[in-house]
Amino acid sequence: ATRAPSSAMIRAAATVAAAIVALAALGAAAAPFTPKTTTPQAPTVASRYANASASVSAALFEVAAAGYDAPLLIVNITAEDHYGAGLAYGALLGNQTVANFKALLAHEAPAAWERGLL
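Our numbering puts the first residue of the sequence shown at 1, with every later residue one more than the last.
Bear in mind the hints are in silico, worked out from the structure with no lab data behind them.
The structure displayed is predicted, hence computed values, not measured ones.
Backbone N, C-alpha and C fix where the C-beta goes; we use that ideal spot for every residue, glycine too.
Check before you lean on any hint, since a few could be wrong.
Said to hold, decoys possible - Beta-carbon label-pair distances, calculated as ranges:
#1 Ala112 with Asp81: 35 to 43 Å
#2 Ala50 with Asn95: 35 to 43 Å
#3 Gln41 with Ala17: 19 to 27 Å
#4 Leu105 with Arg48: 24 to 32 Å
Modelling step: build the complete structure from the supplied sequences, incorporating the hints.
Shown next, in the form of structure tokens:
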């Protein structure tokens with residue numbers, strides 16, 4: 001049986017999320033984002049995920065574009081419920097999501113004691 005998260009867990013998660021948003025806002029103010037206009041190439045399929053028992057199918061596409069160091073990622077998920085969508089997202093992009101989160105924290109809170117506060 002799945003237990004609902006306690007109010008203390010929800011408050012803790014909200015506090016962490018607020019701290020991350022605040023750090024990201026400070027970083028964004030220091031280095032503003034400048035969008036690039038480009039004509040992308042046709043997307044290629046980087047990977048696929050399917051789970052017939054959960055009625056889930058997903059594909060991760062990469063689109064190369066001039067001016068960007070890495071290809072842009074586009075994910076297309078079809079699922080009957082949020083559980084299936086989350087499962088597919090995790091299977092396709094879980095490792096990249098963790099790497100992005102760690103890179104954000106390392107950039108915004110470079111000292112270990114700062115990351116400990118989060």
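Structure-based check of all given hints:
1. Checking the proposed 35 to 43 Å range against Ala112 and Asp81 shows it holds: the Cβ atoms sit about 39 Å from each other.
2. As the Cβ distance of Ala50 to Asn95 is approximately 19 Å, the hint placing it in 35 to 43 Å is violated.
3. At roughly 35 Å, the beta carbons of Gln41 and Ala17 sit outside the given window of 19 to 27 Å.
4. Distance hint check for Leu105 and Arg48: the Cβ-Cβ separation is about 30 Å, which falls inside the suggested range of 24 to 32 Å.
Checked against the numbered hints listed earlier, the structure breaks hints 2 and 3; every other hint is satisfied.
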